[in-house]
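As numbered in our numbering, the sequence shown has no gaps in its residue numbers, which increase by one up to the final residue, 1097.
Warning: the hint list may mix true and false statements.
[What the hints assert, rightly or not] Listed below are the simulated BS3-like cross-link pairs for lysine-lysine, each with C-alpha atoms no more than 30 Å apart in a straight line:
| # | residue 1 | residue 2 |
| --- | --- | --- |
| 1 | LYS975 | LYS801 |
| 2 | LYS975 | LYS877 |
| 3 | LYS1062 | LYS801 |
| 4 | LYS801 | LYS890 |
| 5 | LYS1062 | LYS1079 |
| 6 | LYS801 | LYS1079 |
[Said to hold, decoys possible] Just the calculated beta-carbon pair ranges, DEER-fashion:
| # | residue 1 | residue 2 | range |
| --- | --- | --- | --- |
| 7 | SER897 | GLN1043 | 16 to 22 Å |
| 8 | ALA862 | SER973 | 21 to 27 Å |
| 9 | SER1037 | GLY912 | 46 to 52 Å |
| 10 | ARG920 | VAL1078 | 18 to 24 Å |
| 11 | ARG977 | ALA1020 | 42 to 48 Å |
| 12 | SER973 | GLY844 | 25 to 31 Å |
| 13 | ASP1054 | SER1023 | 25 to 31 Å |
| 14 | GLU983 | ARG867 | 18 to 24 Å |
| 15 | LEU894 | GLU849 | 22 to 28 Å |
| 16 | PRO1040 | LEU943 | 23 to 29 Å |
It is worth saying that the hints were derived from the structure and are not from the lab.
These numbers were taken from a predicted model, which means no experiment stands behind them.
The beta carbon of each residue, even a glycine, is placed where N, CA and C say it ideally should be.
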Amino acid sequence: MRGLLEKKVLFFGGKGGVGKTTCASATALAASHAGKRVLLVSTDPAHSTSDIFEREIGPEPVELLPNLWGLEIDGALESQRYVANVKEQIKGLFGDHILKEANKQIDLAASMPGAEEMALFDRIGGLIRGEDTRFDLIVFDTAPTGHTLRLIRMPELMEAWIRALSRSRQAMLGIEQDDKTDPVMLSLKGRLEGLREFRARLLSPRVSAFMLVLVAERLPIEETARAIDQLNDAGVSIGGLVVNRILPATSPDPFLQSRHAQEVVYLDEIDRRFAKLPRVRVPQLASDVHGVKTLEALSKILIPDPCHVAN
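Please take these sequences and the hints and turn them into a complete structure.
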């Protein structure tokens, strides 16, 4: 995993329940030990990051440890903020009647499927573009592969949406207004440029990488293979694989011996199918990763010498 901590943005993805949150948290901790100012971002509604660090984390960065901050993004809250921001931007641009109707349309759009996801992407995009300059590295935990792919395609989708909105807006106002002087359209186009900048950073292997976490079982292996194909097709750099929760080979228990024998077959398959990618194996720990002490142990397995890797 050499060079991993030299990135500006790391995503951790994989099948549910394979340990993405713990691996992301441990990597963020290792980076903080290397002197990086790190923001660990979770979009998990279960707020697992708060549980791991045993403290409350909210929608604004909270200092967890020296050089390490945590942030939990809530889709519903981001949607409310997004709507309030749009309404604020159009104040004073219309008469009362049109403004009232416009606010109704905004509220209707906010209740449609995908609205929360759009607001979530807007917040993630702002973080990746570096709007908060305090941080050297941003680590995203529990990032589904599909979300990343939709983020990449968002500028094209938004461009089509802006064109349609411009036509609808002119029809509603009954006038033909140049988008170059229309404050609403200028604001929307500013957001579009922000998304394009975000995508450029996401697709730059110098800036970003996607880490995939899996366990040595059939379904996670197949899901990882599909994710690799999708990310490669989209041009996203894959930083490597974390093969998590490997059972000990020396257990006298017959059940564990049987499970380990099966696991060895899958580990060989992982090495064969994903030979071109860096891989790190993480043993099954004696206890759950809960609290900084156990997280420290995991971070030393993932990145044994963070200071050496970062420099």
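Consistency of the hints with the structure:
Restraint check for LYS975 and LYS801: not satisfied, since their Cα atoms lie roughly 36 Å apart, outside the 30 Å limit. Between the alpha carbons of LYS975 and LYS877 the distance comes to roughly 18 Å, so the proposed pair stays at or under 30 Å and holds. Between LYS1062 and LYS801 the CA atoms are separated by roughly 21 Å; this keeps the pair inside 30 Å, and the hint holds. Taken as a hint, the LYS801 and LYS890 pair is broken in the structure, with Cα atoms around 39 Å apart against an allowance of 30 Å.
Using a Cα cut-off of 30 Å, the hinted pair LYS1062 and LYS1079 is violated, with the two alpha carbons roughly 33 Å apart. In summary, the hint linking LYS801 to LYS1079 is supported, as the alpha carbons are separated by about 26 Å, within the 30 Å threshold. Checked against the given bound of 16 to 22 Å, the beta carbons of SER897 and GLN1043, roughly 55 Å apart, lie outside it. With their beta carbons about 23 Å apart, ALA862 and SER973 fall inside the hinted range of 21 to 27 Å.
For SER1037 paired with GLY912, a C-beta distance near 48 Å keeps the hint of 46 to 52 Å intact. The given range of 18 to 24 Å is respected by ARG920 and VAL1078, whose C-beta atoms sit roughly 21 Å from each other. Our hint of 42 to 48 Å for ARG977 and ALA1020 is violated, since their Cβ atoms are close to 21 Å apart. Against the hinted window of 25 to 31 Å, the Cβ-Cβ separation of SER973 and GLY844 comes to about 28 Å, which satisfies the hint.
In this structure, ASP1054 and SER1023 meet the distance hint of 25 to 31 Å, their C-beta atoms being roughly 26 Å apart. As the Cβ distance of GLU983 to ARG867 is approximately 21 Å, the hint placing it in 18 to 24 Å holds. Our hint of 22 to 28 Å for LEU894 and GLU849 is violated, since their Cβ atoms are close to 39 Å apart. The supplied range of 23 to 29 Å is broken by PRO1040 and LEU943, whose beta-carbon atoms lie about 54 Å from each other.
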